[in-house]
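Participant: Sequence:
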Amino acid sequence: MSSNRKNNFILILIFMLVIAAFAMSYNRSISQAVSDAASNDREMLGKLNVEIINKLTAADSSREWKDIIESYDGIKITVVDENNDVIVSSDKESTVLDVTVQNAFNYHQKAYIIKSKKYLLKNYKNEGSILLEFIFTEFLIGCASLMLLIFIIYTIMLRPYKRFYRMMEEYEITGKLPESKFKGYMGQVYDRFYSLTQNLERQQKNQQRIIASISHDIKTPLTSIMGYTERLKKDNIPPERRTRYLDTVYNKSLEIRGLVDEFDEYLGYNMSDKVDSVRLSTRQLCEKIVSEYADELENAGVRFEIINNAEKAFVTVDGPKVNRVFGNIVSNSLKHFKTQVKIIRVTLTEKKNSVLIRIDDNGEGVEKEKLELIFEPLYTSDEGRKVAGLGLAICREIIESHCGNIHAEQSDLGGLSICIELPKT
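According to the numbering used here, numbering within the sequence shown proceeds without interruption in unit steps and concludes at 954.
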């Protein structure tokens with residue numbers, strides 16, 4: 530626990546102990562006062578009963594008892610016989626806070642009981658002052674509790690959020706977040722916010738790289754188109770050269786269209802999370818791969834191998850999108866073969882909760898420290914270019930939309946190995 534939080538905890542604990550001590554002290558003082566008042570009243574009523582009994586027994590007739598008991602103000606006096614029948618009683622009302630004392634006596638050879646009742650707190654304080662004191666004390670305790678609650682809310686909840694808000698304002702101005710000093714749940718919120726800002730910064734850098742890529746990759750063919758167009762304006766160009774220039778302009782235009790199409794495709798996969806899933810067995814998946822690429826690779830002089838070690842497993846995939854993944858990877862392999870013998874091998878392996886698909890080739894491969902970078906949009910290992918295509922970045926977007934993951938390794942064939950892991954169904 531940090532020193533700041535420890536100090537706050539100690540202050541709150543002291544505050545709670547003070548309120549508790551105050552409430553207990555008040556309760557004890559009231560209880561003691563009431564107990565003392567009741568004891569004094571019982572003692573007084575006992576003496577008073579003796580006095581009244583002497584007067585009642587000295588009377589010539591019980592008809593005189595009414596006048597005797599009515600002479601005592603503030604006390605309710607009742608005389609009953611041995612059958613508990615009321616003989617005489619004063620007109621004063623009883624309350625739940627009365628103190629009662631009773632004594633027995635004999636009159637003309639008959640047994641009687643005298644009951645004297647007195648309002649408990651009459652000699653202690655009047656009822657209004659007790660009520661006011663009680664309300665005032667409860668008000669003090671309520672105010673103290675409210676202050677404690679406000680202090681706790683501010684210390685534990687509001688103050689960290691105010692600091693967090695100031696950090697967000699600072700981030701808005703400077704673009705940098707300071708180090709987190711939050712603990713507990715607020716620390717988790719801050720860490721989540723920090724992660725989101727890092728993702729936003731990465732996306733912003735990717736957008737800048739994409740813009741740079743489009744600018745760079747379009748500029749070169751566009752310059753060629755402009756140059757050949759200038760030449761075509763001349764009248765003395767032989768027909769065969771004019772045809773060659775037009776073919777070049779057309780091919781360069783196709784390059785630009787390919788770049789734009791690839792860019793649109795990347796944005797489409799990046800912005801759409803919709804997956805039209807179909808449940809396939811790995812055997813069906815292998816058949817689709819063979820039907821799509823076996824003939825193409827054979828014509829390109831590539832030895833194509835497919836090994837299915839997960840024949841009992843099923844996966845749920847979007848067929849066209851996963852087909853695009855294999856197309857991008859195969860196309861990438863075809864660009865980087867440097868030997869006469871060209872091999873592409875696809876291996877499927879069943880794991881506990883997933884199916885691992887490895888696509889190996891014996892091309893030129895990628896350095897180990899750059900394996901993770903090849904999935905970044907527009908990354909290239911070609912020093913002659915600033916940026917590259919988006920094929921592998923699209924592959925990552927598609928696989929992650931299937932709740933899977935994709936990474937690259939160095940292949941035992943000597944080239945690159947793309948590893949795709951899809952959840953089993």
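Hints listed in this document are in silico derivations from the structure and should not be mistaken for laboratory results. For glycine and all other residues, C-beta sits at the position ideal for the given N, C-alpha and C. Hints may contain errors.
[Stated by the list, open to error] Pair ranges (Cβ atoms, derived): (1) N613 with A567: 20 to 26 Å; (2) R557 with T586: 41 to 47 Å; (3) A567 with Y694: 44 to 50 Å; (4) E938 with E698: 49 to 55 Å; (5) E730 with E929: 17 to 23 Å; (6) C672 with Q736: 55 to 61 Å; (7) Y690 with P849: 45 to 51 Å; (8) T749 with N828: 49 to 55 Å; (9) S674 with H936: 54 to 60 Å; (10) H936 with E893: 16 to 22 Å; (11) P849 with E699: 43 to 49 Å; (12) E825 with R721: 42 to 48 Å; (13) D790 with N838: 33 to 39 Å; (14) G575 with N613: 20 to 26 Å.
[Claimed, not checked] List of simulated lysine to aspartate or glutamate pairs, EDC-like, C-alpha gap at most 16 Å: (15) K644 with D589; (16) K871 with E929; (17) K871 with E893; (18) K953 with E929; (19) K584 with E599; (20) K639 with E572; (21) K595 with D620; (22) K639 with E599; (23) K881 with E840; (24) K867 with E879.
Participant: Work down the list of hints and note, for each, if the structure agrees.
Facilitator: Consistency of the hints with the structure:
1. N613 with A567: 20 to 26 Å: holds (25 Å)
2. R557 with T586: 41 to 47 Å: The hinted range 41 to 47 Å holds for R557 and T586, with Cβ atoms some 44 Å apart.
3. A567 with Y694: 44 to 50 Å: Given a distance of about 59 Å, which is not inside 44 to 50 Å, the answer is violated.
4. E938 with E698: 49 to 55 Å: With a Cβ separation near 45 Å, E938 and E698 fall outside 49 to 55 Å, so the hint is violated.
5. E730 with E929: 17 to 23 Å: holds (19 Å)
6. C672 with Q736: 55 to 61 Å: Cβ of C672 to Cβ of Q736: about 57 Å, so the range 55 to 61 Å holds.
7. Y690 with P849: 45 to 51 Å: holds (47 Å)
8. T749 with N828: 49 to 55 Å: violated (29 Å)
9. S674 with H936: 54 to 60 Å: Since S674 and H936 have Cβ atoms about 58 Å apart, the given range 54 to 60 Å holds.
10. H936 with E893: 16 to 22 Å: At roughly 19 Å between Cβ atoms, E893 and H936 fall inside 16 to 22 Å, so the hint holds.
11. P849 with E699: 43 to 49 Å: Since the Cβ atoms of P849 and E699 sit about 46 Å apart, the hinted range of 43 to 49 Å holds.
12. E825 with R721: 42 to 48 Å: Because 46 Å falls inside the window, the suggested range holds.
13. D790 with N838: 33 to 39 Å: Since D790 and N838 have Cβ atoms about 36 Å apart, the given range 33 to 39 Å holds.
14. G575 with N613: 20 to 26 Å: holds (21 Å)
15. K644 with D589: Not OK: K644 and D589 at ~21 Å, beyond 16 Å, violated.
16. K871 with E929: violated (30 Å)
17. K871 with E893: At roughly 11 Å apart (the allowed maximum being 16 Å), E893 and K871 satisfy the hint.
18. K953 with E929: Between K953 and E929 the Cα gap is close to 14 Å, so the pair holds against 16 Å.
19. K584 with E599: holds (13 Å)
20. K639 with E572: At roughly 26 Å apart (the allowed maximum being 16 Å), E572 and K639 break the hint.
21. K595 with D620: The hint holds at about 10 Å.
22. K639 with E599: violated (22 Å)
23. K881 with E840: holds (14 Å)
24. K867 with E879: violated (32 Å)
The structure is inconsistent with the numbered hints 3, 4, 8, 15, 16, 20, 22, 24, although it conforms to all the rest.
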